[in-house]
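Student: Throw the hints in and build the complete structure from the sequences for me.
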Amino acid sequence: MSLYQLTSHALLDLIKSRQVGARDAYIAVQERIKAVDPKVKAYVRMATVQPDFTGALPVPIAIKDNLCTKQEEITCSSRILKGFRSPYDAGVIERVKQSGGTILGIVNMDEFAFGSSCETSCYGPTFNPWNLQCVPGGSSGGSAASVAADEAMWALGSDTGGSIRQPAAFCGIVGLKPTYGRVSRYGLIAFASSLDQIGPLTKDVHDCALLMNIISGYDERDSTSVNEPVPDYTKALVNDVKGLRIGIPKEAFVDGLDPEVRKSVEDALELYKKLGATIKEVSLPHTPYAVATYYIVATAEASSNLARFDGVRFGARKQPTQVRKNALVDMYEETRSQGFGDEAKRRIMLGTYALSSGYYDAYYLRGQKVRTLIKNDLDEVFKDCDCVLTPTSPTVAFKVGEKVSDPLSMYLSDIYTIPANLAGIPAISIPCGFSKSGLPIGMQLMGKAFDEEMLLRVSYTYEQNTEWHLKKPNL
Amino acid sequence: MSQFETVIGLEVHLQLSTKTKIFCSCANVFGCPPNTNVCPVCLGLPGTLPVLNHQALLSGIKVGLALNAQINEFIKFDRKNYYYPDLPKGYQISQFDFPVAKDGFLNIKTGNAEKRIGIKRAHLEEDAGKLVHDASGSCSLVDYNRTGTPLIEIVTEADMRSPQEAYDYLNTLKLTLQYLGVSDCDMEKGSLRCDANVSIRPIGQKELGTKTELKNINSFKAVKTALEYEVRRHEQVILAGGKVVQETLLWNDEKAITITMRSKEQAHDYRYFPDPDLVPFTIDYKVIDSVRAELPELPQAKFQRFLSQYGLSDYDANILVADAAMSHFFEEAAKEYPQAKKIANWMGGPVLMELNHRKLALNELKLTPKSLVALIAKVEEGVVSNLAGKEVLTMMLDEGKSAEQIIQEKGLAQVSDDSALIAIIDEVIAQNAAVVEQIKSGKPAAAGFLVGQAMKKSGGKANPKKLNELITRRISGA
Numbered sequence: 001m002s003l004y005q006l007t008s009h010a011l012l013d014l015i016k017s018r019q020v021g022a023r024d025a026y027i028a029v030q031e032r033i034k035a036v037d038p039k040v041k042a043y044v045r046m047a048t049v050q051p052d053f054t055g056a057l058p059v060p061i062a063i064k065d066n067l068c069t070k071q072e073e074i075t076c077s078s079r080i081l082k083g084f085r086s087p088y089d090a091g092v093i094e095r096v097k098q099s100g101g102t103i104l105g106i107v108n109m110d111e112f113a114f115g116s117s118c119e120t121s122c123y124g125p126t127f128n129p130w131n132l133q134c135v136p137g138g139s140s141g142g143s144a145a146s147v148a149a150d151e152a153m154w155a156l157g158s159d160t161g162g163s164i165r166q167p168a169a170f171c172g173i174v175g176l177k178p179t180y181g182r183v184s185r186y187g188l189i190a191f192a193s194s195l196d197q198i199g200p201l202t203k204d205v206h207d208c209a210l211l212m213n214i215i216s217g218y219d220e221r222d223s224t225s226v227n228e229p230v231p232d233y234t235k236a237l238v239n240d241v242k243g244l245r246i247g248i249p250k251e252a253f254v255d256g257l258d259p260e261v262r263k264s265v266e267d268a269l270e271l272y273k274k275l276g277a278t279i280k281e282v283s284l285p286h287t288p289y290a291v292a293t294y295y296i297v298a299t300a301e302a303s304s305n306l307a308r309f310d311g312v313r314f315g316a317r318k319q320p321t322q323v324r325k326n327a328l329v330d331m332y333e334e335t336r337s338q339g340f341g342d343e344a345k346r347r348i349m350l351g352t353y354a355l356s357s358g359y360y361d362a363y364y365l366r367g368q369k370v371r372t373l374i375k376n377d378l379d380e381v382f383k384d385c386d387c388v389l390t391p392t393s394p395t396v397a398f399k400v401g402e403k404v405s406d407p408l409s410m411y412l413s414d415i416y417t418i419p420a421n422l423a424g425i426p427a428i429s430i431p432c433g434f435s436k437s438g439l440p441i442g443m444q445l446m447g448k449a450f451d452e453e454m455l456l457r458v459s460y461t462y463e464q465n466t467e468w469h470l471k472k473p474n475l
Numbered sequence: 001m002s003q004f005e006t007v008i009g010l011e012v013h014l015q016l017s018t019k020t021k022i023f024c025s026c027a028n029v030f031g032c033p034p035n036t037n038v039c040p041v042c043l044g045l046p047g048t049l050p051v052l053n054h055q056a057l058l059s060g061i062k063v064g065l066a067l068n069a070q071i072n073e074f075i076k077f078d079r080k081n082y083y084y085p086d087l088p089k090g091y092q093i094s095q096f097d098f099p100v101a102k103d104g105f106l107n108i109k110t111g112n113a114e115k116r117i118g119i120k121r122a123h124l125e126e127d128a129g130k131l132v133h134d135a136s137g138s139c140s141l142v143d144y145n146r147t148g149t150p151l152i153e154i155v156t157e158a159d160m161r162s163p164q165e166a167y168d169y170l171n172t173l174k175l176t177l178q179y180l181g182v183s184d185c186d187m188e189k190g191s192l193r194c195d196a197n198v199s200i201r202p203i204g205q206k207e208l209g210t211k212t213e214l215k216n217i218n219s220f221k222a223v224k225t226a227l228e229y230e231v232r233r234h235e236q237v238i239l240a241g242g243k244v245v246q247e248t249l250l251w252n253d254e255k256a257i258t259i260t261m262r263s264k265e266q267a268h269d270y271r272y273f274p275d276p277d278l279v280p281f282t283i284d285y286k287v288i289d290s291v292r293a294e295l296p297e298l299p300q301a302k303f304q305r306f307l308s309q310y311g312l313s314d315y316d317a318n319i320l321v322a323d324a325a326m327s328h329f330f331e332e333a334a335k336e337y338p339q340a341k342k343i344a345n346w347m348g349g350p351v352l353m354e355l356n357h358r359k360l361a362l363n364e365l366k367l368t369p370k371s372l373v374a375l376i377a378k379v380e381e382g383v384v385s386n387l388a389g390k391e392v393l394t395m396m397l398d399e400g401k402s403a404e405q406i407i408q409e410k411g412l413a414q415v416s417d418d419s420a421l422i423a424i425i426d427e428v429i430a431q432n433a434a435v436v437e438q439i440k441s442g443k444p445a446a447a448g449f450l451v452g453q454a455m456k457k458s459g460g461k462a463n464p465k466k467l468n469e470l471i472t473r474r475i476s477g478a
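Residue numbers (our numbering), protein chains in the order written: chain A, 1 to 475; chain B, 1 to 478.
No wet-lab data here; the hints were simulated from the structure.
The structure displayed is predicted, hence computed values, not measured ones.
Hints should not be assumed to be uniformly reliable.
Here are the computed lysine to aspartate or glutamate pairs in the EDC-like style, where the Cα-Cα straight-line distance is at most 20 Å [as the list claims (entries may be wrong)]:
{"id": "1", "chain 1": "A", "residue 1": "K325", "chain 2": "B", "residue 2": "E265"}
{"id": "2", "chain 1": "A", "residue 1": "K369", "chain 2": "B", "residue 2": "D97"}
{"id": "3", "chain 1": "B", "residue 1": "K19", "chain 2": "A", "residue 2": "E220"}
{"id": "4", "chain 1": "A", "residue 1": "K318", "chain 2": "B", "residue 2": "D86"}
Partial list, computed: chain B residues near chain A (C-beta under 7 Å) [said to hold, decoys possible]:
{"id": "5", "residue": "P40"}
{"id": "6", "residue": "I283"}
{"id": "7", "residue": "V287"}
Note that the Cβ used here is the ideal one computed from N, Cα and C, for glycine as well.
Tutor: Below you can see the structure in the form of structure tokens.
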């Protein structure tokens, strides 16, 4: 096995026993990037600041292009932010640096995290390491592809409606969206503030726990972060689900669910039964409204969050050659027309509409009410269940270009992941099989707020009894 | 007499003088070089988040309580979305449906009457930056130092019926806010700003007329002038058979006219929605109670107390209460000296004159309650005359010395020593035999002439009371 193929925990063991140097591991991954990234196109730029390899956990890490990293250009993969260098480190970047993490570079994403395929990036798409004709999922497509292709030991992504979990599933790796408030959002360029959460994309569940240890915790600079003690997540890595109750929402197994995905998830259920867990059918009656609710709440917040990209203080400013209205309005219009891609414009318009006077009650306010109903559904289920299992995505990775012109079918790819964001609860995606075409299949476990440990335990047990996570794409 | 009734409502924006800005840790100070008092948060850089400064919230509660308002225990912030270069995030964090305070009132004196002005709401928000337009007109510059300064916007009901009432309200409000110590209320520095809504209606009509909103008014006087102008304009429009257009107008102080800024159709849709970056929370009623307990005595209560406790006249009490520093100084002085009325006279008279003359604030004057009282005592003891006392005050302020030092150094003490005075009096009596005769024949008033003569001879230093006494005794006893 090559050095770059290691999991982070395996690498750390080797470093600890002085069999491998941190610098060697970093260089090995850099070489791997040089070798395969021309095909995968996960990275949008390599780090300009070289790490010093003196920290405790010198794991080579990839950073999503929406996490502010001091001195690096951070653009949300949008033309409008080209040239923006962050003068500060995001809370999670501080934590990664303090732990000794060695930043490799910045990875691709859907523009402003608007998308489920990594195709809306201004840099062009990233490709799925398992099949270069396919998308890696999104929006954290670069994060997932880099880890799956061994171009990073692990990566940070962000998840607003499934943006960590869906690409993790498409790329056959582990992705966790933590409880809202578990990880500081300070320095995450916001898409939808009430839904966004930063999380790990890793090669296995053990790594997921390790990276959670690094990034979790209260940050007084983020009023929505919660001052809740952080456990040692590696303590949750127990190969035992006996007596645990796993809920299966009957709404999850609906039309549109790929039979191969369905089969893999059902097999996983059987395995859990064998391992001593109780499977309970439950109902989440309001989840059919989750996607609609999400696209109101998320776009409304996004329309306001993206207002600061106006060409005045940073990013790419554009001025038309001829005066249309007045210099200021012309600058705003030209900057934003040229700076944002189609999907960003679509969502800004949707959100602006949802918040408009006369429509607010019918859309945004109603959306927030449905959101509460969805959360109540889940609260109810968690009275009798320790976690809830669903597919991560209704399909495996689709072809590049397949859904670009059909935003609605693209939006439906997040049907299983959105409820956890609306309810603020943690959810993890782990590999649970492959399609006949050789593409990874992922399943999702949702848990109670601040009970990431349960998700790690249940995922770890599955992982210890299967081998899906050990497979590597052939690049 | 006009056939119309004027209806006015006012919106006052007040900068709260907290240590730091409302959502970041930048200092809340005025006058730094452009764009030096900023950070990623108040610049609205990508990824940054606001964190509420609790001091600003407490100041807001304080203002609400002083305005007899109901405090919302549920604290929530909303985004007011609009584009302008001085607004870095493209939205202003403000309070929409849950203002920190609502349904209050302020009693004002207008003419000889008291009037209650309803306070509809007071809400917290962040200030924007400042645009500086290049003189050549070729570009505009933005200074973000002011961005994130805590503001409270105080909105009245449409309760004022004349520009004078609006003026009186503003003065009372400013005084109240100064007493609270939450702001320096300096209109020149922009820490207090005022917009006015005005309409007129035929006397007796219940329904309100169409209103216009006036902005860019830079002094209380200008508020009054602008409103008077606008009321006249409304009357002229209506009397000419026209209709007042609902619009926002800018007051041009130089030309003393209003100019259209935007019409109702051009009004923004601010798309208010709850700011997801700031989690709503409920404040403990104990916090509100403790703010209430710490409220200082407000001007109206102080005025009443000055009348009853010190026996001051309305006039004197008004002068003292009109300035928090004056009233505080007065009370400190009154602790040192029992004749409070005398102190009030001195403060409302010579001290106030010196302040106006020197264009200084009381705390900038080289005068303490103790040093003023020492001076008053010298005058009352007859060491110096009232007139000389005023000169002593001037010199005290010029030189920063005590009254006693000045009196000694300049030899200003009145001569009250009998033997010295008798020598002068004898001289005067000898030189004015005719007047002495008049007094003796029953015209005691003529003694005044002799006092004047003696005073002249003493070089103005003689104690006039003492002179009078000695002259009368000398003549009657002679």
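Student: Hints first: check each against the structure and report whether it holds.
Tutor: Structure-based check of all given hints:
no. : hint              : in the structure
1   : A/K325 <-> B/E265 : 18 Å, holds
2   : A/K369 <-> B/D97  : 17 Å, holds
3   : B/K19 <-> A/E220  : 18 Å, holds
4   : A/K318 <-> B/D86  : 18 Å, holds
5   : P40               : 5 Å, holds
6   : I283              : 15 Å, violated
7   : V287              : 18 Å, violated
The structure is inconsistent with the numbered hints 6 and 7, although it conforms to all the rest.
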